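Student: Based on these hints, arrange chain B on the given structure of chain A.
Just so you know, the sequences run in chain order A and B. Residue 358 in the numbering used here sits at position 358 of the first sequence, and the numbers go up by one each step. For the numbering used here, count along the second sequence from 1 and bump the result up by 396.
Derived from the structure by calculation, the hints contain no laboratory data. Do not take every clue at face value.
To be verified - Just the calculated beta-carbon pair ranges, DEER-fashion:
| # | chain 1 | residue 1 | chain 2 | residue 2 | range |
| --- | --- | --- | --- | --- | --- |
| 1 | B | F587 | A | A348 | 54 to 64 Å |
| 2 | A | E381 | B | T683 | 34 to 44 Å |
| 3 | A | E229 | B | T683 | 18 to 28 Å |
| 4 | A | Q241 | B | T683 | 21 to 31 Å |
| 5 | B | E777 | A | T263 | 52 to 62 Å |
| 6 | A | F191 | B | E641 | 37 to 47 Å |
| 7 | B | E644 | A | Q241 | 54 to 64 Å |
| 8 | A | N330 | B | T683 | 19 to 29 Å |
| 9 | A | A214 | B | S582 | 52 to 62 Å |
| 10 | B | S723 | A | D80 | 53 to 63 Å |
| 11 | B | I609 | A | F191 | 47 to 57 Å |
| 12 | A | E248 | B | I609 | 45 to 55 Å |
| 13 | B | E644 | A | P244 | 25 to 35 Å |
Here the structure is a predicted model, which is why all the values come from computation and not from measurement. Backbone N, C-alpha and C define an ideal beta-carbon position, used for all residues, glycine too.
Number of protein chains: 2
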Amino acid sequence: MAISKLSSSHLWPTNQESFPYHPINRRKFTRKVMPISAVDSRTVVIGLAADSGCGKSTFMRRLTSVFGGAAKPHKGGNPDSNTMISDMTTVICLDDYHSLDRYERKKNGVTALHPTANNFDLMYQQVKALREGIAVEKPIYNHVTGLLDAPELIKPPKILIIEGLHPLFDPRVRELLDFSIYLDISDDVKFAWKIQRDMAERGHSLESIKASIAARKTDFDAHVEPQKEFADAVIQVLPTQLIPEEKEGKILRVRMVMKEGVTYFDPVYLFDEGSTISWVPCGRKLTCSYPGIKLFYGPDTYYSSEVSVIEMDGQFDKLEELIYVESHLNNISTNFYGEITEQMLRHADFPGSNNGTGLFQTILGLKIRHLFHQIQQEDKEEQQEPLHHRHATKVF
Amino acid sequence: MAISKLSSSHLWPTNQESFPYHPINRRKFTRKVMPISAVDSRTVVIGLAADSGCGKSTFMRRLTSVFGGAAKPHKGGNPDSNTMISDMTTVICLDDYHSLDRYERKKNGVTALHPTANNFDLMYQQVKALREGIAVEKPIYNHVTGLLDAPELIKPPKILIIEGLHPLFDPRVRELLDFSIYLDISDDVKFAWKIQRDMAERGHSLESIKASIAARKTDFDAHVEPQKEFADAVIQVLPTQLIPEEKEGKILRVRMVMKEGVTYFDPVYLFDEGSTISWVPCGRKLTCSYPGIKLFYGPDTYYSSEVSVIEMDGQFDKLEELIYVESHLNNISTNFYGEITEQMLRHADFPGSNNGTGLFQTILGLKIRHLFHQIQQEDKEEQQEPLHHRHATKVF
Numbered sequence: 001m002a003i004s005k006l007s008s009s010h011l012w013p014t015n016q017e018s019f020p021y022h023p024i025n026r027r028k029f030t031r032k033v034m035p036i037s038a039v040d041s042r043t044v045v046i047g048l049a050a051d052s053g054c055g056k057s058t059f060m061r062r063l064t065s066v067f068g069g070a071a072k073p074h075k076g077g078n079p080d081s082n083t084m085i086s087d088m089t090t091v092i093c094l095d096d097y098h099s100l101d102r103y104e105r106k107k108n109g110v111t112a113l114h115p116t117a118n119n120f121d122l123m124y125q126q127v128k129a130l131r132e133g134i135a136v137e138k139p140i141y142n143h144v145t146g147l148l149d150a151p152e153l154i155k156p157p158k159i160l161i162i163e164g165l166h167p168l169f170d171p172r173v174r175e176l177l178d179f180s181i182y183l184d185i186s187d188d189v190k191f192a193w194k195i196q197r198d199m200a201e202r203g204h205s206l207e208s209i210k211a212s213i214a215a216r217k218t219d220f221d222a223h224v225e226p227q228k229e230f231a232d233a234v235i236q237v238l239p240t241q242l243i244p245e246e247k248e249g250k251i252l253r254v255r256m257v258m259k260e261g262v263t264y265f266d267p268v269y270l271f272d273e274g275s276t277i278s279w280v281p282c283g284r285k286l287t288c289s290y291p292g293i294k295l296f297y298g299p300d301t302y303y304s305s306e307v308s309v310i311e312m313d314g315q316f317d318k319l320e321e322l323i324y325v326e327s328h329l330n331n332i333s334t335n336f337y338g339e340i341t342e343q344m345l346r347h348a349d350f351p352g353s354n355n356g357t358g359l360f361q362t363i364l365g366l367k368i369r370h371l372f373h374q375i376q377q378e379d380k381e382e383q384q385e386p387l388h389h390r391h392a393t394k395v396f
Numbered sequence: 397m398a399i400s401k402l403s404s405s406h407l408w409p410t411n412q413e414s415f416p417y418h419p420i421n422r423r424k425f426t427r428k429v430m431p432i433s434a435v436d437s438r439t440v441v442i443g444l445a446a447d448s449g450c451g452k453s454t455f456m457r458r459l460t461s462v463f464g465g466a467a468k469p470h471k472g473g474n475p476d477s478n479t480m481i482s483d484m485t486t487v488i489c490l491d492d493y494h495s496l497d498r499y500e501r502k503k504n505g506v507t508a509l510h511p512t513a514n515n516f517d518l519m520y521q522q523v524k525a526l527r528e529g530i531a532v533e534k535p536i537y538n539h540v541t542g543l544l545d546a547p548e549l550i551k552p553p554k555i556l557i558i559e560g561l562h563p564l565f566d567p568r569v570r571e572l573l574d575f576s577i578y579l580d581i582s583d584d585v586k587f588a589w590k591i592q593r594d595m596a597e598r599g600h601s602l603e604s605i606k607a608s609i610a611a612r613k614t615d616f617d618a619h620v621e622p623q624k625e626f627a628d629a630v631i632q633v634l635p636t637q638l639i640p641e642e643k644e645g646k647i648l649r650v651r652m653v654m655k656e657g658v659t660y661f662d663p664v665y666l667f668d669e670g671s672t673i674s675w676v677p678c679g680r681k682l683t684c685s686y687p688g689i690k691l692f693y694g695p696d697t698y699y700s701s702e703v704s705v706i707e708m709d710g711q712f713d714k715l716e717e718l719i720y721v722e723s724h725l726n727n728i729s730t731n732f733y734g735e736i737t738e739q740m741l742r743h744a745d746f747p748g749s750n751n752g753t754g755l756f757q758t759i760l761g762l763k764i765r766h767l768f769h770q771i772q773q774e775d776k777e778e779q780q781e782p783l784h785h786r787h788a789t790k791v792f
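Isolated chain A (complex conformation) (with noise of 0.2 Å):
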């Protein structure tokens, strides 16, 4: 495969050349040798991490809605494929790239957590590859039989999502990414979920659950919580501070961590940006229902990096609430007035909908679409541009 030859022609949607599965394709690629078109621009790459159950799925599927059209899963393919794909957006789970079988991690005794149980560098290589426009032959973890399956092909889109417990571990992948964000649940609040969804639902008891909780914990604390620091955005996802001793997890306490400095990418703020406000909106224009919504904006330090906090407690339970805070907020990327209001009624049965984590995840999803614009933007000035001026721009 002559990659070299690929830099001028039209790579998306067809045209593609499919980065081999195996062996492993270890050609080096340089930002010199990018595909590129007139019309369209370098797929980009959005990094997703999260513990399993923690609401990723959603997160993708108000994502994706704020693209325009629903994510489906591959026409015709594997069943038990994890991918979906929507016009814009593709979103692949990282759990395909699980190196040793559910049956292989039992033998070795090793979670799903782990690192040895995951392959980066065939990871690094196919997201290397979709980002530079090439399809790839992703293998499938089969979630029902725990076992690897045959490869999909995968063609690049306009924008891919990875979404996993490791997106942001191997140094190559993040670099490969243009966002990225972590979601943070709570130990309070997993657990909360965790005995609502296994032991209302599934009738597993209270014994088991906490057990299954401390088998994962030392595995996620060394291998996936420590991404936090490497993300742009956190979610965190925390109990009330509204109504002391609220432990139930179903009012929640919602902050986003922005960090600052990211290309294409400002904090949301309010009222007044760099300093630090907490608001209640309830009171003489907007009446609210017990305990009433909460929210704080601030600079911080997190990991060292300078960051933007925005934070909701609370819920919203009527439409004005929502639209009265929508209003409030800067920075946030919508296209017109009360877009947020409206994907977040859009998808008023998704969960989260009436609290911080569907405002903070719309949100997130109207900034990825401002970043996807920009790049675009970037990229088809730079096209524009007289070529030796373009290849001086990039020789180092």
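Tutor: Just chain B now, with coordinates in the frame of chain A:
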């Protein structure tokens, strides 16, 4: 004196008739016979209540300054007169309405704080007369001798400010006020200030200071403090909450409680009117030295009245901090950007110029200027209406 004859003559600044000191003229004045001229409007009356030594005089100097020109004592009058006159304002001290002199009070065992030591009938009649454009012969309480001196002539000014212990005590006087303020110094701060002044500067003992506070406390609590309920604005001066256990009264937390629904007075707010906000302006755009500045705004209830509260804790170290805070306050009735900052810098030597006392006193000065212009405008419009229409609106 035939009051009805005055109804269309110019009463200010010349042609006043004086309201005699003795005997009290008990003729009933009605709004119908208020003197009206084509140019001048009636005297606007402001009440300022506070304990002695609580910064009333500083407040008066700030207020007078907003209207331009400095307040001076009566030219050629009693050198111990308490009255201060500027182009637009006359400030009278309500101590002048003491009915008992220092020796009579001592003999009867009453303090100056007790109603029986004050002549509210005369206070009412003279304030009413001045409000209606009629000069009065006001008594003078001589603070040096403790005696009542011969009265002085007070001409009706554009703005009459009555300041002292009881401007809101008598319901008849309250009715005459276009706006009223109560300066509420917390016991902690009052004590710290008294220690500073009486112990450090005058060499009094701690015991004598405590005794003098205790001696006044019963009457103060019974007859002065209850006036808070009737004030349109209350400025509360409290110890800071930025430093735990700070009791020296050097760093202050100052709250301004503003009654809702007062004609021509729209409460100041931060960012979002009617909601509850706390704001630390110090951050990325503004750096502050320890312990920084914190503001609060929100709706509240005060003596069963609906109020808005604005609070500032901490102090300004640099000009940038003052202008930054000013630029984020709304409804401050400035004539130009930065007017509060300009006023506070002009009087940087006044006590409280670097904290919330100076800030809120200055703001109230601007609000009173606005109120004055609104009343002037209203009078002007009334005077331009056809005569029969005017009468029609004033019949009841």
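Student: If a hint holds in the structure, say so; if it doesn't, say that too.
Tutor: Tested hints:
no.: 1; hint: F587(B) - A348(A): 54 to 64 Å; in the structure: holds, 58 Å
no.: 2; hint: E381(A) - T683(B): 34 to 44 Å; in the structure: holds, 37 Å
no.: 3; hint: E229(A) - T683(B): 18 to 28 Å; in the structure: holds, 27 Å
no.: 4; hint: Q241(A) - T683(B): 21 to 31 Å; in the structure: holds, 29 Å
no.: 5; hint: E777(B) - T263(A): 52 to 62 Å; in the structure: holds, 59 Å
no.: 6; hint: F191(A) - E641(B): 37 to 47 Å; in the structure: holds, 39 Å
no.: 7; hint: E644(B) - Q241(A): 54 to 64 Å; in the structure: violated, 33 Å
no.: 8; hint: N330(A) - T683(B): 19 to 29 Å; in the structure: holds, 22 Å
no.: 9; hint: A214(A) - S582(B): 52 to 62 Å; in the structure: holds, 53 Å
no.: 10; hint: S723(B) - D80(A): 53 to 63 Å; in the structure: holds, 60 Å
no.: 11; hint: I609(B) - F191(A): 47 to 57 Å; in the structure: holds, 56 Å
no.: 12; hint: E248(A) - I609(B): 45 to 55 Å; in the structure: holds, 52 Å
no.: 13; hint: E644(B) - P244(A): 25 to 35 Å; in the structure: holds, 34 Å
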